[in-house]
Amino acid sequence: MPELQIIGAPQSNYVWVSRIACHEKGVPYTLVPAMPHTADVDAIHPLGKIPALRHGDLTLAESRAICFYIDHAFDGPPLVSRDPADGARTEQWISIVNTHFDVLVARPYVGAYFFPGTSDGSPNRATIESALPKLETQFAMLERAVAKTGHLVGSAFTLADMNVLPMLFYLNHLPESGAMLRRNAALAAYYERHMARPSVREAVPPPFPGRSSWAVEG
Numbered sequence: 001m002p003e004l005q006i007i008g009a010p011q012s013n014y015v016w017v018s019r020i021a022c023h024e025k026g027v028p029y030t031l032v033p034a035m036p037h038t039a040d041v042d043a044i045h046p047l048g049k050i051p052a053l054r055h056g057d058l059t060l061a062e063s064r065a066i067c068f069y070i071d072h073a074f075d076g077p078p079l080v081s082r083d084p085a086d087g088a089r090t091e092q093w094i095s096i097v098n099t100h101f102d103v104l105v106a107r108p109y110v111g112a113y114f115f116p117g118t119s120d121g122s123p124n125r126a127t128i129e130s131a132l133p134k135l136e137t138q139f140a141m142l143e144r145a146v147a148k149t150g151h152l153v154g155s156a157f158t159l160a161d162m163n164v165l166p167m168l169f170y171l172n173h174l175p176e177s178g179a180m181l182r183r184n185a186a187l188a189a190y191y192e193r194h195m196a197r198p199s200v201r202e203a204v205p206p207p208f209p210g211r212s213s214w215a216v217e218g
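Under the numbering used here, the letters of the sequence shown match residues 1 to 218, in that order.
Don't take every hint at face value.
Derived SDA-like pairs: lysine to any residue, alpha-carbon spacing no greater than 25 Å straight-line [what the hints assert, rightly or not]:
(1) 25 x 11
(2) 134 x 192
(3) 49 x 73
(4) 148 x 179
(5) 134 x 96
(6) 25 x 91
(7) 25 x 73
(8) 25 x 92
(9) 25 x 202
(10) 134 x 89
(11) 134 x 12
(12) 49 x 205
(13) 49 x 5
(14) 49 x 214
(15) 148 x 184
(16) 25 x 1
(17) 134 x 115
(18) 148 x 182
(19) 49 x 59
(20) 25 x 197
(21) 134 x 107
(22) 25 x 83
(23) 49 x 72
(24) 49 x 98
(25) 49 x 169
(26) 148 x 137
(27) 134 x 214
(28) 148 x 136
(29) 134 x 108
(30) 148 x 99
For the record, the hints were derived by calculation from the structure and aren't laboratory data.
Work out the full structure, taking the sequences as your base and the hints as a guide.
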């Protein structure tokens, strides 16, 4: 069988999700480090975004499509339940996490620390302060969601959990959001439990180039 390649920067949360999916399914793969808009990526994604997948003659863009392929092309536990109701709930949470928690809240806040765009490179406090009330709301939502079973959907580790964990990892290493996470007891326990999962732990990326750790001071 041809080698499966996940193409993209390991620090991308969506590259990380795709790698977790491979580990969960027991699929051997090679990570091909590449930034957005580089030749390997542009050859696959029409907008030059990561991750991308190459498996023999097949190429795919977008993490949801990549994970669908990994889930259905290989043996192993399903990443999305084949039960219609549980599968739909998983897709619901994938959408909520990616279109609300990530795009509208977590990504601007995390970027304000790691890519602040300030003249001296210091954190962008205006963006950070603007994001904090929204983060509180999103953490409360996730706290309620995982309180009963320790999973976003049912009692199984699904692609919904795989999508939220990388974001929680980044947020845990930043001052305000790390404190918020710890104040939400069920979510904090959920995070610690699933970060210890081999598929997640094996795909933890190194810090961004030029940094020695993920920890950031305010």
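Next item on the list: Starting from the hint list further up, note which numbers the structure goes against and sort them upward.
Entry: none
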